[in-house]
Amino acid sequence: NTCTTESNENDCYVKDNDSGNDNGNIVTPWKVNRISRLGVDYDKVIAKFGSTRLSHDLIKKIETTIQQPVHYFIRRGIFFSHRDLEQILTAYEQNKPFYLYTGRGPPSEAMHLGHLVPFIMT
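Per UniProt numbering, residue 1 is the first one in the sequence shown, and the count goes up by one each step.
Hints are computed from structural coordinates only; laboratory data are not their basis. Since the model is a prediction, treat every value here as computed from it, not as a measurement.
Restricting the straight-line Cα-Cα distance to at most 25 Å, the calculated cross-link-like pairs of lysine-lysine (PhoX-like) are:
#, residue 1, residue 2
1, LYS48, LYS31
2, LYS96, LYS60
3, LYS44, LYS31
4, LYS61, LYS96
If you anchor each label on the Cβ, the simulated ranges turn out as follows:
#, residue 1, residue 2, range
5, ASN33, PHE80, 17 to 25 Å
6, ARG37, GLN67, 41 to 49 Å
7, GLU109, ARG37, 29 to 37 Å
8, TYR99, TYR72, 19 to 27 Å
9, LEU116, ARG75, 14 to 22 Å
10, THR64, ASN33, 35 to 43 Å
11, TYR72, TYR42, 16 to 24 Å
Backbone N, C-alpha and C fix where the C-beta goes; we use that ideal spot for every residue, glycine too.
Build the full structure now, drawing on both the sequences and the hints.
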């Protein structure tokens, strides 16, 4: 099952290992709670959410396309996966219109530091 914005929280729960022992870690689109000293297995998160890791080649293609270095969030690995980025780059190269939806609307009454990331990036 791939987690989407229409999924409920239980569908998007990422376990740390195949034995089903989650070591107390919870990763969903709505929260990340790391208890295990081993940290979160982001390869499993990528698989569960149906995204693709940003490759070195794709980052180079972005830099070639925009003719400048990528944002430091990408260089430092803060943004490490994507969905459909190749299609967006192709549209950009062909001067075709496209839009990005970042989901930056706060889910609670107050914004917090995590809400700043999309504002800084876009």
